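Novice: In the order they appear, the protein sequences are chains A and B. The numbering used here puts the first residue of the first sequence at 1, with every later residue one more than the last. The numbering used here puts the first residue of the second sequence at 1, with every later residue one more than the last.
If you are wondering where the hints come from, they were derived from the structure by calculation, not from laboratory data. On a predicted model such as this, the values are computed, not experimentally measured, just so you know. Every clue listed holds true.
Computed list of lysine-lysine pairs in BS3-like fashion (alpha-carbon distance at most 27 Å, straight line):
hint, chain 1, residue 1, chain 2, residue 2
1, A, Lys10, A, Lys423
2, A, Lys634, A, Lys426
3, B, Lys86, A, Lys10
4, A, Lys477, B, Lys86
5, B, Lys122, A, Lys635
6, A, Lys426, A, Lys398
7, A, Lys492, A, Lys548
8, B, Lys154, A, Lys12
9, A, Lys12, B, Lys122
10, A, Lys31, B, Lys5
11, B, Lys4, A, Lys31
12, B, Lys154, A, Lys10
13, B, Lys16, A, Lys31
14, A, Lys12, B, Lys86
15, A, Lys10, A, Lys426
16, A, Lys175, A, Lys405
17, A, Lys644, A, Lys340
18, A, Lys548, A, Lys5
19, B, Lys86, A, Lys492
20, A, Lys634, B, Lys122
21, A, Lys423, A, Lys385
22, A, Lys385, A, Lys765
Covered, in the sense of this in silico footprint (three residues per stretch, anywhere, with C-beta under 8 Å from a C-beta of chain B), are these stretches of chain A:
hint, stretch
23, 482-491
24, 659-671
25, 685-699
Glycine included, each C-beta is placed from N, C-alpha and C at the ideal position.
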Amino acid sequence: MPVSKLVGAKVKRREDPSLIRGVGEYVDDVKLPGILHAAILRSPHAHAKINRIAVGAARQLAGVVAVYTGAELKNRIGTLPTTADNPTLRIPDHRALAVDKTCYVGEPVAAVVAEDRYTARDGVDLIEVDYEPLPAVTDPEKALTAASPVIHAQWPDNLAFRWQQERGNVAGAFKQADKIVKQRLVHQRLAPIAMETRGVLANYSDTQGLCVWTSTQIPHLVKGHLANLLKLPETRVRVIAPEVGGGFGSKLNVYAEEPLLAFLALELKRPVKWIEERRENIQATIHGRGQVGEVEAAVKKDGRVLALRYNVIADIGAYHQLFTPAIPPFTGLMLSGCYKIPAIGIAVRAAFTNKMSTDAYRGAGRPEATYVIERLMDRVARELKLDPVKVRQRNFPKPAEFPFKTATGLVYDSGNYELALSKALKLVGYDKLRAEQKRARGKGRYLGIGVSTYVEICAMGPGFWEYGKVDVKADGKVKVYSGASPHGQGQKTSFAQIVADQLGVDFDDVEVLHGDTGTVAKGMGTFGSRATAVGGIAIYHAAEEVKKKAQELAAQLLEAATEDVVFSDDKFIVKGVPRKGMTIQQIARQAAAANLASEISADSTFEPSNFTFPFGTHICVVEIEPETGQIEIKKYLAVDDCGKVINPLLADGQVQGGIAQGLGQALYEAVVYDDNGQLTTGSLMDYAVPRAADLPRFQLAHTETPTPVNPLGIKGIGEAGTIGSTPAVVSAVIDALAPLGVSHLDMPLTPQKIWRACQASTAAKKRVRK
Amino acid sequence: MATKKPITLSINGSEKSYEVEPRLLLVHLLRDVAGLTGTHIGCDTSICGACTVMLNGNAVKSCTVLAVQADGGEVLTIEGLARGVKLHPIQEAFWECHGLQCGFCTPGMILSAHQLLQRNPKPTETEIRHAIDGNLCRCTGYQHIVDAVQQAAKQMRPKTKSVRRKA
Numbered sequence: 001m002p003v004s005k006l007v008g009a010k011v012k013r014r015e016d017p018s019l020i021r022g023v024g025e026y027v028d029d030v031k032l033p034g035i036l037h038a039a040i041l042r043s044p045h046a047h048a049k050i051n052r053i054a055v056g057a058a059r060q061l062a063g064v065v066a067v068y069t070g071a072e073l074k075n076r077i078g079t080l081p082t083t084a085d086n087p088t089l090r091i092p093d094h095r096a097l098a099v100d101k102t103c104y105v106g107e108p109v110a111a112v113v114a115e116d117r118y119t120a121r122d123g124v125d126l127i128e129v130d131y132e133p134l135p136a137v138t139d140p141e142k143a144l145t146a147a148s149p150v151i152h153a154q155w156p157d158n159l160a161f162r163w164q165q166e167r168g169n170v171a172g173a174f175k176q177a178d179k180i181v182k183q184r185l186v187h188q189r190l191a192p193i194a195m196e197t198r199g200v201l202a203n204y205s206d207t208q209g210l211c212v213w214t215s216t217q218i219p220h221l222v223k224g225h226l227a228n229l230l231k232l233p234e235t236r237v238r239v240i241a242p243e244v245g246g247g248f249g250s251k252l253n254v255y256a257e258e259p260l261l262a263f264l265a266l267e268l269k270r271p272v273k274w275i276e277e278r279r280e281n282i283q284a285t286i287h288g289r290g291q292v293g294e295v296e297a298a299v300k301k302d303g304r305v306l307a308l309r310y311n312v313i314a315d316i317g318a319y320h321q322l323f324t325p326a327i328p329p330f331t332g333l334m335l336s337g338c339y340k341i342p343a344i345g346i347a348v349r350a351a352f353t354n355k356m357s358t359d360a361y362r363g364a365g366r367p368e369a370t371y372v373i374e375r376l377m378d379r380v381a382r383e384l385k386l387d388p389v390k391v392r393q394r395n396f397p398k399p400a401e402f403p404f405k406t407a408t409g410l411v412y413d414s415g416n417y418e419l420a421l422s423k424a425l426k427l428v429g430y431d432k433l434r435a436e437q438k439r440a441r442g443k444g445r446y447l448g449i450g451v452s453t454y455v456e457i458c459a460m461g462p463g464f465w466e467y468g469k470v471d472v473k474a475d476g477k478v479k480v481y482s483g484a485s486p487h488g489q490g491q492k493t494s495f496a497q498i499v500a501d502q503l504g505v506d507f508d509d510v511e512v513l514h515g516d517t518g519t520v521a522k523g524m525g526t527f528g529s530r531a532t533a534v535g536g537i538a539i540y541h542a543a544e545e546v547k548k549k550a551q552e553l554a555a556q557l558l559e560a561a562t563e564d565v566v567f568s569d570d571k572f573i574v575k576g577v578p579r580k581g582m583t584i585q586q587i588a589r590q591a592a593a594a595n596l597a598s599e600i601s602a603d604s605t606f607e608p609s610n611f612t613f614p615f616g617t618h619i620c621v622v623e624i625e626p627e628t629g630q631i632e633i634k635k636y637l638a639v640d641d642c643g644k645v646i647n648p649l650l651a652d653g654q655v656q657g658g659i660a661q662g663l664g665q666a667l668y669e670a671v672v673y674d675d676n677g678q679l680t681t682g683s684l685m686d687y688a689v690p691r692a693a694d695l696p697r698f699q700l701a702h703t704e705t706p707t708p709v710n711p712l713g714i715k716g717i718g719e720a721g722t723i724g725s726t727p728a729v730v731s732a733v734i735d736a737l738a739p740l741g742v743s744h745l746d747m748p749l750t751p752q753k754i755w756r757a758c759q760a761s762t763a764a765k766k767r768v769r770k
Numbered sequence: 001m002a003t004k005k006p007i008t009l010s011i012n013g014s015e016k017s018y019e020v021e022p023r024l025l026l027v028h029l030l031r032d033v034a035g036l037t038g039t040h041i042g043c044d045t046s047i048c049g050a051c052t053v054m055l056n057g058n059a060v061k062s063c064t065v066l067a068v069q070a071d072g073g074e075v076l077t078i079e080g081l082a083r084g085v086k087l088h089p090i091q092e093a094f095w096e097c098h099g100l101q102c103g104f105c106t107p108g109m110i111l112s113a114h115q116l117l118q119r120n121p122k123p124t125e126t127e128i129r130h131a132i133d134g135n136l137c138r139c140t141g142y143q144h145i146v147d148a149v150q151q152a153a154k155q156m157r158p159k160t161k162s163v164r165r166k167a
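Bound conformation, chain B alone (with noise of 0.2 Å):
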């Protein structure tokens, strides 16, 4: 066994050092070191995004990466999304249209549909499939998932002048 590594990474806003086989899965990092078990496995093959969260911005498959190779990045998980009792947007649509059923892909589908949305404020509904091809979801024929990216996206895009004048 090779010897222990140590890392710092910032999880959901807050710093901590670890130290970590430089085999260990960033995803079991997160599940059983810190105690994050939102993140999912679905199929150790970066195929079914179970397993997604933000690292320093980038949508990443959390089973594919070394905890080691994250070393001083910031993480954020399904658990750093909203902001106390307030859910973020997109888990408010998600919850809303009926976007999950069984709930095991849903925080990776949140996170991708969250980079999608911070790239791309309005996309249409085939860029919205397409951001979210690389989650699988087995419940719920997708169309659910697609409609509360949509919605999330309106509520999210900064109002009209107009309508701040009304305000």
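Isolated chain A, as found in the complex (with noise of 0.2 Å):
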């Protein structure tokens, strides 16, 4: 490991100062001469056939420039991308623009392009359509039954696709349980809710082709995508993403909106901007989680868990989006959580609803997991009237067991679970607060206090590389270019940090370029916590390749044998004559002069050879009023393992956003549709996201167990917070109700649903006493 000066450091970000005077560019700030506005008439059913489509009027309007149905699309750009390496997996045609039926309230089936955007709206409120309502499912238990309303008639049963796993004697283990503990579970639709919403420039000449600003988390991937979509060549495909106002997984996708502009900007040789309003987001940008499932553990008296089945039905939506079908395995593979349990049967079987698509939001998968298996072991441990924190110790596997193998075939690269608990509880003062609890209940108050203990899968690895490039040019500026395109974490700082110290030179002279395919070789892009502990080190690798070249030039410029040249306290010197030293910097500048080379350049590509399994342990505390549902939130306690940090800052800074995620699917944030499929948590005024009063201070603190797999020992930190933060928020609340006879509650745990759990406890200890 190199030895650190930035590395490690509190160092103060250089994103920040244009985005805190509001000159950073997000893709709506972006002006082209020229420039023309779309705007998207939705489908209001969640499901019906389209008869006709009437848009003389629209065409009609003054300042309306064109305007275009699926219909008349249908042949000119394919259907939208999935991945598909499940073969069960259902791939209906999902089309930028709906042909002639509707399967979700939001589906894009109309486009109008106008001088301006009132006017495009405008024109929109002039089509007419003539739709037929069909019958909606909206509930995914019920879509896999007989009688549900078929999706897409090639698939009457309406299910998008299966995935299972049975691996260790799990029928055996139940033989031998002395308990067995059951609990059903429901994870609900969560909104990502970026702050900025999605939005598409799109921009053609013949000259320079197609170039494409959009709000995303992966534009290489985007470009690849459009390209096939148009049926363009990809060198004739140029995809920027500017700033981008956040994405938690819902920017990690190919969107109906993005070949949709393309083809407009084709087809109308002027620039075409839409920008997404919040209504369209909370319908047509991908939801999270949505997953419903039955779980049952066969545990031992001492609370050892011999083995876990698991059956769920995953809520995908109409079609699949890019990611949709690898999410719900990822639950299944976590489902162990960080407990050694030597058998385990999973079933998922994921259905077609007449709704949004489900797909990748911060976590992805691994909070569901992290979700059955915490509140899981809560429910053994009351069932078996002992600790929650005994149970967890209990099934620890031990440092000394790492590399560990999970019954799900996973192998965790590396951990100290019982270092990050016993941490946590001694930070938070576990045994007083047990106490406090306790005298609190004398006094009919409700205390609760809520134990997470979690591993995550991070760094996505075999199958998933990232691309670096260093360049140190002659004038002594150093260009970093990384294919991570990062929204928010900060590596043009973190990037800056790594390759200073490892080059030895001024941070100020390192500046970090991603985000667009015309100035970044390749990529991938920022997603599961992969941009440093991938992205970071092909940067390191370039840079040191880097070295290696300056060590060649610096031989030729000091007239000494490569080999007698190292490399010591940022310079490179002659063996033994440390006072003939140079700098990285005066060897590009000096090979220029000399005409050796232009330019100290390298890149590489990495890809890591197995994933990251990040860890921590969150306790929450919380006191409830019986009379209103209220929580207060009194105590809330992080420790996190994401190996070596770059930047505490950034760190924390990520933990904390994600712990108020992971919070807020606790306690308020829901996608609800009705029955008939009406989106009716449509806009902020109904959709709750977290806000400022809502949160509590946290109190974070970490453990650091580098990660073998990569030379910096990084594991990733960006889900960590919402991963460990809703299990202990949820587990708190029910140990406060405890005394109520409430032993589980779904989510999210609004004051009605809490007061509704009083108010039945209280009615039921009345009816006793009559």
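Both chains are sitting in their own frames, so use the hints and assemble them into the complex.
Specialist: Right, dumping it as structure tokens:
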């Protein structure tokens, strides 16, 4: 491991000056001459036949330039892509504009292009569609029954795919169990709500080809797909992700509007922009979670879990988006959490429903798995009358057992779960809290403590690579190019820290470029906490390569043998002659002057041999007011282990934001469709995102167990907060309500839900007294 | 389409006249007509606060104010907060405390904090959290934002006499 100066330091972000001045450029801020604006007509029905679309009035409106319907585009834009490595996968045609049927509220039906935004919206209002409504299904369990309406005629059972796995002797373990513990759990649908909605600006010129600005986490992947969907050579397509106002997985996709806008620009030969409204965002940007399952555990009296069985139905919506089929299997693979459980049987069935697709949302599959196993551990503790902490400790693999192979077939790289847990217990004063809880209960107060120990899967490894390039220019400036396309995570700062340390140059001399397929040769993007743990390593390797080249050039300039030149104290020196040293910037300058090299540059593509598995313990303490159902969060503590930390300021920011999102799922957030498939949480007026006054101050701490799968020991931190927090908060609330006999409530735990649970219990008591 | 109306606005200290459709939102006037794109749009329902600007000294959500309603008024947007290269103390504090990640909510958040600190130079953490409750942030969990506002408050409070004497 290299000796560090900047790595590990709280370096202020270089992203910030333009953002705090309001001059950062997001998609909607990009202006081009002659720009047109598109607006999209969306289906008001969850399920309907389209008999006829009348666009005449819209076309005649002054200022409207063009109107397109699905029928006109059918043979001109390919069907939207999805991952397809599951043999049971059924892929319905997913068109940029619906052709003769719509399958969810918000599905794009027609597009209007006009000289300004307001006129484009006026044009949309003038389109008349003759819809023939069809029965809809929104409940994924109902969708898989014979009585359900059918969404795609070729698959009358509405089954989108299956995924199953059984390892170890599950049936045998259930025979040996002292007790079987069961729980049904619902993971409600969530809206990611990046503060910047999606947006696309497309421009075409015969000389430059197609250029698309899009608010995306994956510009290079979008570029490849756009070329394919529009049958253009990839060399004629450039995709730029400028400033991106948050993604959380929702911009890890290829959406209908991206090829649609590209098509409009190609067709109209003018730049065309579409900016999603928030109502469109909640209708037609992917949702997260959406699983309902039943878990059962075979346990011994001492709390050891011998086996798990999990049957889960994933609500995937009407179509697959890019990674939709990959998410539920993640839940299956991570089901055993941070525990040594010898036998596991999982059966996933994915159901088509008349809703927007679910896909990757912060944590993608792992929050669901963690919630299942953590809620189950609490149930086990409760039924066996054991402390929830004891049950967890009894099932941990020991530090010496790493790398640890799980029953689901994953190999956890490194870990010390007991250490993170004991640190958290100590910091929060667990024993004192339990004593205080006992006293509080004696006085009729509802205090609850929730402990969640988690492990997550990060740094998407085998099969997912990342690209990096380091270039020391003759003027001494260092340019770093990354295929990771961060959007708020701060890698312009953390990558510069890595490179400045490696090359021994000033932080201010290093510039990091990303998000433009025209300047970065290739890349995958930012998702799954991979930007630093995979992208950062690609850059690290490129910097190493640059140093090798610099060593050779130094040898020529210093008239020494290459093997006699060493890098020491930020300089290349001839062994034994420390006085005669050169910095890499001096080498670049002199090498250019001597016509040896115009720059010192190298690139690298890093594909890790395994994933990384960060872990930790989150503890939440709540008090509930039974008369109102209000929850007060009295304490929140997180101890996370993400291996080596490049910049603690950024790591803390990621954890705090993640906790807020996980807590949002536990207490506030839910995308709700009614039985007819109408979206009843269609704006921020009724989809509740946590606000500043809803949240407590989070106390953060870390342990550091570096991963052996990359040379910097980095694991990734972006999703930890979300994964760890949801079960911690829910467990705390259920623990608080335990004296009322409540053993489970489904999320979100709104005041109304809690009040009802309190009332039901009070009513039950009164009935007993009578 | 209704006829256009003439309006005059002072934006960040400079007075300008515009001919606008009566339905034009203030946020679109600022962004699309005046070219000041630091004011962002996050929700269209006055919930998220990304479009917050100061109008006649009050923080308003410019996605639900018509440009004609602002006629004759004084608007301060994020672009008008720094003095040339010198950042406003609230901007400095957001940078220092890592009070932003994607930066999209930041201009609105800074202007809400600005209003708070003008009215209450020494807010408690609870008062800060309430003051920014109309501004959603999905990245930070708010903690670093609260820290930034606290730090800015400290910076902006007039120095005590004893300190001045020492200086």
